[in-house]
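Trainee: These protein sequence lines are chains U and C, in that order.
For what it's worth, my numbering labels the leading residue of the first sequence as 1, then goes sequentially.
For what it's worth, my numbering labels the leading residue of the second sequence as 423, then goes sequentially.
Think of the hints as simulated: they come from the structure by calculation, not from any bench.
Be aware that one or more of the hints could be misleading.
[Said to hold, decoys possible] Which stretches of chain U does chain C cover? Using the computed rule of at least three CB atoms under 8 Å from a CB of chain C, they are:
id, segment
1, 201 to 211
2, 271 to 285
3, 334 to 346
4, 351 to 363
[Said to hold, decoys possible] Label pairs and their calculated CB-CB ranges:
id, chain 1, residue 1, chain 2, residue 2, range
5, U, Asn215, C, Ile497, 21 to 27 Å
6, U, Val25, C, Asn506, 39 to 45 Å
7, U, Ile285, C, Ile464, 35 to 41 Å
8, U, Phe376, C, Glu431, 48 to 54 Å
9, C, Asn506, U, Leu145, 19 to 25 Å
All of these numbers come straight from a predicted model, not from anything done at the bench.
A virtual CB, placed ideally from N, CA and C, is assigned to each residue, including glycine.
Now for the letters of each chain:
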Amino acid sequence: MTKNLATQMAPPFVLVAHYFIAGAVFYAISSFLLPFYADDIGGYFLSNQIAGLVHLYLLGFVMMVIFGAMYQLIPVVLEIPLFSKDFAYVQFYIYLVGIVIFCLSLWYESLIQLLPYGALMVYISMLIFIVNLFLTYKNLEHWTLVAKFIFVSNLFLLFGAGMGFFISLDLIYGFFGDILKSLSVHIAATIGGYVMMSIMGVGMVLLPMFSLAHNFSQKPMEWAFYAMTLGLLGYIIASFLQWQTVLYLSFALVLVAIILGIYQMYSIFKARVRRQNDFWAKNMIASFLSLIVCLDFIVFAILGDEQRYLMAFGFLLFFGFFIFFIVGHIYKILPFLVWYQRFSPLVGKCKVPMLHQMIKERVADVQFWVSVVGIFMCGFAILLDLPKLFCIGAYVMGVGTLLVLFNIVYTLSYKPKEENVK
Amino acid sequence: MLNKEKVIEAIKTVIDPEVGFDIYSLGLIYEILIDGAEVKVIMTLSTRGCPLHELIKQWTKEAVLRVDEVNSCEIEIVWEPSWNITMASDEVKKALGA
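So that you can see chain C by itself, here it is in the shape it has in the complex (with noise of 0.2 Å):
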């Protein structure tokens, strides 16, 4: 049965490879909604122009597909609200110094 945990647990192998943390972690993910085999990832990303947007946005769709029960995975980017540091885990926070 496909419920939102198993997607987070596959969204966590994203790595962003500058900061060294998966984007579940940092905060990116607003939204998760699924609609049987279908799931729709509401995300942002901590900058606008980052080099790695799309590449990001792929992985995201490519890691949530490689669950079972999924057969097909839209990601929305959105800038609002724009992300900020409290939207990240507390290891996240002490890590980067914030």
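Isolated chain U (complex conformation) (with noise of 0.2 Å):
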């Protein structure tokens, strides 16, 4: 029999399964460390401590799926095979010693010399993933939407890791000057213009897919893509040249772009034709709210100069926005991934599960729950600057970290039992 073009195109299951197995092992780690943070809550937030925390879950865990996702969902969403799978092979590998070396070197003053170096290394893994993305590109026929976010998320990358590696330069040679500045124009690329690009741009594609929605305008996220893309860079020429006003403006543009973003989500929500709430859809629903929560506490920290808005701000946008959304993705891709490569040459010979069988759905409905306890604890904890409410609330949410890691386990050794297969 012939190969099929999916075969061809799809990445190997082992490569996606590197990025989804380290990213796992990544946010456990950030998760059970998260309970010795709880006295910075109220404190000066740009410690190395904390900087090593915030790269370790970010690197680690959120930018570690992504990459692995992007490689799994490229070749079918853009309809391109992949420039190089041995490209990602190499970056993965640069990327997690360069992850480990960078991290440890702000955590541990004897070693942080070696900051740089694992900068390097991490932006090095970066450009990888650029170079075989930008190459891939080069046979892309049609600039959806979805392409166009994927391609601008990545140039924002490439300059905002970038910036990382200078910023790392700056903290041992000190060349740079005002860190500060630096320091948000690097998160304003990294966070904003990499990750939230990202999910926008993949959102519309795995939204209406999971749900089954049809049938709505793509007009918000439309002018989303443009409105991000405009605020970001008005952001950061505004930061370098010290043009307060465009500074404003290009923030509020952002904001809107994200109002935008979550006003398209809810629309494919409202069109979509699969009802159920399954652990998916709560996890979509409580990723989104807890943006909406996000980007009130932004609104109140620029308006009354507050560091908890701040930081409630930051905690909501990592542990609620982006665990939601990525958790509840892991319990779609990963069963497909494992099914994909163990199951689909069996089917129409012998019985083979269905992909919800492979996730312990009672075990993603508590972990779901689980976490959304953990983060209000947490969320209320830093409002109200109580260290021992968030170190509780921190550990419930390593109990939810746990049974994710339950889950994936599960769905990486799934053995079919008679009963469990149609």
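Since each chain comes alone in its own frame, lean on the hints to assemble the complex.
Mentor: This is the structure we're talking about:
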């Protein structure tokens, strides 16, 4: 039998699994470190210790899973084969070692001199990803909205990660001067430009696909694309040139883009025909509710100039929006990958399991509510400056993480039972 | 004697593993054309860019070819008219909560 197009285009399961498994491990480590940061919730948030945790979480979990998911999604969504699968393996190992060196050098003062080396490895690995992506784009025939989002998000990654590398040099050799300005540009480009724009782009494929939504207009997200790109560019330029008014206007434009994105997701949800609120749907609802609350906090932080709102914003964005969005999709994508590898060749020859059977739904459901409670506790603790409550909430979130890990292991080692196959 | 019913029964063995229903009940099959021992199936998918795109196409072809009287089968994927839930069977609509 000739190999079909999907088999030719799709990356091997083992490649994506590298990223997902490493992402899960970093998720677990950062979750279990979180309670130890309880005393920092009301204080100055730019310590090396907190920077270490934030980077472990963002680079190790959030971006690791995004890279893995991109390798899976790009060929099927853009209908073009990946330029190089070997590049993806090389990227993974350089990235992995880079993250470990980077975070350890932030946590241990004796290792701080290694910081630029870790940052350089992380940057090189991202350059490999970006080059691989851009070479893949050479064969692109249709510049769909998703294709535009992914392309521009990687331009921001190119710039933002480069800034990150220069900041690491600056921390050791001190040549930049105003590190706060560099940091805000680095954060805007990587989190706003790369992570948010990637989520907005792939969300336009994943949400309609899993909820079976049709007949909705893409206009809000099209506007969001232009507003986000323009807003972030304006923010970066205004930061360097110290144009305060343009800075605020650009920031407002980014907020408008995110609101448009939320509205788009709401319109997809309204148009969905799959009405059951399964664990995926619950995670998506919680994810976007977290984002809405986040936006309130950032506005309060700017208007009131209060550190706790900024902390609450960062916490809810990272541990609310990102976690619910990513975990919800891990529950969908991972079973598919394992199923594709293990069971798709058996279709028509013997009974095969359904994808939802490859997740312990009850565990996923309990995990969802445990995570919600933990995040609520931590969020209130930040707003009311209650470190003990934060610590307890972080432990509760840790239980949620353990349940996620249980399901990941369950899916990876899934063996169908007779009663589980149709 | 080859007829549409036999082809439909064969197609009903193809299950979308994400939704859990066969592709005929989901309303993804638009037309079945039979010319002697040759079958052409015109169908769609619930989502463009679905990772299962090529696999579902392949499974459908293999399922039709399993019918004794079929010698060849061609599958054509079309996007117009785009699929919507009204095309699915009542059982599917009820199960999805639509």
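Trainee: Are the hints correct? Go through all of them and say.
Mentor: Going down the list of hints, with the structure as the test:
no., hint, result
1, 201 to 211, "holds (count 4)"
2, 271 to 285, "holds (count 4)"
3, 334 to 346, "holds (count 5)"
4, 351 to 363, "holds (count 5)"
5, Asn215/U / Ile497/C: 21 to 27 Å, "holds (25 Å)"
6, Val25/U / Asn506/C: 39 to 45 Å, "holds (42 Å)"
7, Ile285/U / Ile464/C: 35 to 41 Å, "holds (37 Å)"
8, Phe376/U / Glu431/C: 48 to 54 Å, "holds (52 Å)"
9, Asn506/C / Leu145/U: 19 to 25 Å, "holds (21 Å)"
Taken one by one, the earlier hints all hold for this structure without exception.
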